[in-house]
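Just so you know, the sequences run in chain order A and B. For what it's worth, our numbering labels the leading residue of the first sequence as 3, then goes sequentially. For what it's worth, our numbering labels the leading residue of the second sequence as 117, then goes sequentially.
The set of hints was computed from the structure by calculation and includes no laboratory data. Bear in mind that the values here come from a model prediction, so they are computed numbers and not experimental data. Accuracy of the hints is not assured; some may be wrong.
Once the Cα atoms are required to be at most 20 Å apart in a straight line, the calculated DMTMM-like pairs of lysine to aspartate or glutamate come out as [unchecked claim]:
#1 A/39 x B/241
#2 B/239 x B/229
#3 B/239 x B/210
#4 B/239 x B/343
#5 B/211 x B/241
#6 A/40 x B/210
#7 B/242 x B/229
#8 B/242 x B/210
#9 B/211 x B/229
#10 B/123 x B/241
#11 B/211 x B/343
#12 B/124 x B/241
#13 A/40 x B/343
#14 A/33 x B/210
#15 A/40 x B/241
#16 A/31 x B/210
#17 A/39 x B/210
#18 A/39 x B/343
Interface residues of chain A toward chain B, partial, derived using beta-carbon atoms under 10 Å [as the list claims (entries may be wrong)]:
#19 46
#20 77
#21 86
Using N, Cα and C, we set each Cβ at its ideal position, and we do this for glycine too.
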Amino acid sequence: MRIEIVLLILGMTAVTYLPRALPGVLVGKLKFGPRVKKFLRLIPYTAMAALIFPGVLNVDPANTWIVLIGAAVAALLGVLRLPVMASVLGAIGVNFLLYMLI
Amino acid sequence: MKAPTRKKQYLQGLRAGVPVIFGFVPVGIAYAIMARRAGFSVLETVYMSLSVFAGASQMMAVGLYVQGAGILAMILATFIINLRHVIMGTCIMEKMPPTRPWMRWLLGFGVTDEAFAIFTTEKREKRTPWYFLGLTAVTYASWVAGSAVGAVVSDLLPDILTASLGIALYAMFIGLLVPGLTRNGRLALLVVFTAVVNTFLSRVMDSNWALIVSTLASAALGVFFVDLGEETEEEGTQ
Chain A
3 MRIEIVLLIL
13 GMTAVTYLPR
23 ALPGVLVGKL
33 KFGPRVKKFL
43 RLIPYTAMAA
53 LIFPGVLNVD
63 PANTWIVLIG
73 AAVAALLGVL
83 RLPVMASVLG
93 AIGVNFLLYM
103 LI
Chain B
117 MKAPTRKKQY
127 LQGLRAGVPV
137 IFGFVPVGIA
147 YAIMARRAGF
157 SVLETVYMSL
167 SVFAGASQMM
177 AVGLYVQGAG
187 ILAMILATFI
197 INLRHVIMGT
207 CIMEKMPPTR
217 PWMRWLLGFG
227 VTDEAFAIFT
237 TEKREKRTPW
247 YFLGLTAVTY
257 ASWVAGSAVG
267 AVVSDLLPDI
277 LTASLGIALY
287 AMFIGLLVPG
297 LTRNGRLALL
307 VVFTAVVNTF
317 LSRVMDSNWA
327 LIVSTLASAA
337 LGVFFVDLGE
347 ETEEEGTQ
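Next comes chain B alone, as it looks inside the complex (with noise of 0.2 Å):
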């Protein structure tokens, strides 16, 4: 079979991202609200969204902002938070094949925890450099495209349509994981296990910290009771 060229590739990564659109805009404007009310510029939330996209990085940033945090322990809470993108980006290359470093570097830009979900639950021959880009290209789009919007017009979107819009990433997140659990008791029962040891240690410990215990340890137990069978089992859902 004769493999997709790196254009098409890239428009499958594109289509692929299209979910992301309907939770990165409206978060992208509550940040740039949020940051607007901090007293930053039109100028200075952009451009934060432009060379970090990062999403809850940005709106804890501008809540400390507003306490009066120092620069150095938003920067510091920043990479507490990114932490968890290390797990993230060694899945995602693990799952790809080998290319060229300039590439890597560059792929490194788009590691979210959206691109992540959607990448690697994505069948096998899908799973391209060139397709990261594609996702990456939708989601750091829809990123920058709602922190404008949010810096210039705030209170554009009417209440019940923002609370509604709340879902968005974690039905995306449902709709990924789902269909890979209805074939198999045990990884289930761990996902639950994970969600249920996450919620507790959330309440007892930072929750950044909670989310990459709680996926390293659960997915360490996992190794010994859950048969993932051969790497076909890993089909995507899309």
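Next comes chain A alone, as it looks inside the complex (with noise of 0.2 Å):
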């Protein structure tokens, strides 16, 4: 390996792990509020919707209308409470016939 190359990694590895690994070290040492504690359990609701708009957009450029069928195929399964592996499944499976046919 290239000491460069190692060097990189080394230093990626860093500023990965330690955004990661702080707020576990911090939490136990501090006290939220309600208000705060509220704050903290919408995040996982804005920060997935964050991530799927606008990056489901740019899955396939060429082909959106394929993979917005597949997110909604996902969704339709996720209202019905299934499984998030029948949502995975799913998306998959439907794609991959879409593809088929054009």
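From these two lone chains plus the hints, build me the complex, please.
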């Protein structure tokens, strides 16, 4: 392995690991009020919304409609309260069929 | 009620992580193919996945490498991409019973977008450190395995399959997010609002900062107009 790549990887490891591990070390020492707790409970919803959009629109820019149909299938299966696995496999399956057709 | 043993918690975490395999293996393969084309050796490609364990950052780094960027620039970009994990790590730790310091240092390694999404939507009684370790084991193994496969064989998967798997992680986020919204119109509205804000912000600023800003600002707004009810409302989907 080249030394510059090893240095790159070590540097990337440090700046990836520290932001991930720091909250675990600090959270035990902090006491959150009800407002902050509610804020933290909302973050999974807003973070996932932001992880999905606009990213899902850029999965396959040439065939955005296929990806959106897959996303709609995943959402529908979620509304039906099926396990997450159903959303994943359902979306992959429908997209596979649509890619076969075009 | 007797609490499940550590082993059982770990196995629950393993099982909950299975959907991630469909996303991480193909993305790992794609990353490794990019890395190999950028001039990374097989060993360097796999070592990066073993050590860094961050898909978006690794793809960005090998992309910048091809363009001749310096090491510091690549490390800085990685830092910016992963800053969001401070927020996600805080949510994960806040939703977990108190645990020993060494365990918290260990758990930090597994904080990815996907583990965050699965863990924070999980039922309260399942959200334990050992569950998170099981979850990390599956996500990490899929990431490293995908990278190793992609580093050795390129063009392994047919194009149609690769294209179809592109939806996998998004479908997982959607599948985790949607069940929590069906009985809470205001929360659903907040989610739509966040999606719109992030889509707009991503056009006017770096998308990593956009994600952080829209996540925090929307959650802050939600504190005032969304009713989450008691903790039980948060029951997960799995």
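Cross-check of the supplied hints:
1. A/39 x B/241: Holds, at about 18 Å.
2. B/239 x B/229: Distance of about 18 Å is within 20 Å: holds.
3. B/239 x B/210: holds (14 Å)
4. B/239 x B/343: Given that 20 Å is the threshold and the Cα spacing comes to 19 Å, the pair holds.
5. B/211 x B/241: holds (10 Å)
6. A/40 x B/210: holds (11 Å)
7. B/242 x B/229: Holds: residue 242 of chain B and residue 229 of chain B sit about 19 Å apart, inside 20 Å.
8. B/242 x B/210: holds (14 Å)
9. B/211 x B/229: holds (16 Å)
10. B/123 x B/241: holds (15 Å)
11. B/211 x B/343: holds (18 Å)
12. B/124 x B/241: Given that 20 Å is the threshold and the Cα spacing comes to 12 Å, the pair holds.
13. A/40 x B/343: Cα-Cα ~9 Å, so holds.
14. A/33 x B/210: holds (10 Å)
15. A/40 x B/241: Status holds; Cα separation ~19 Å.
16. A/31 x B/210: holds (11 Å)
17. A/39 x B/210: Holds. Residue 39 of chain A to residue 210 of chain B sits at ~8 Å (cutoff 20 Å).
18. A/39 x B/343: holds (13 Å)
19. 46: This hint holds: residue 46 of chain A lies near chain B, its Cβ roughly 4 Å from the closest one there, short of 10 Å.
20. 77: holds (5 Å)
21. 86: holds (4 Å)
The structure is consistent with each of the numbered hints, conforming to all of them.
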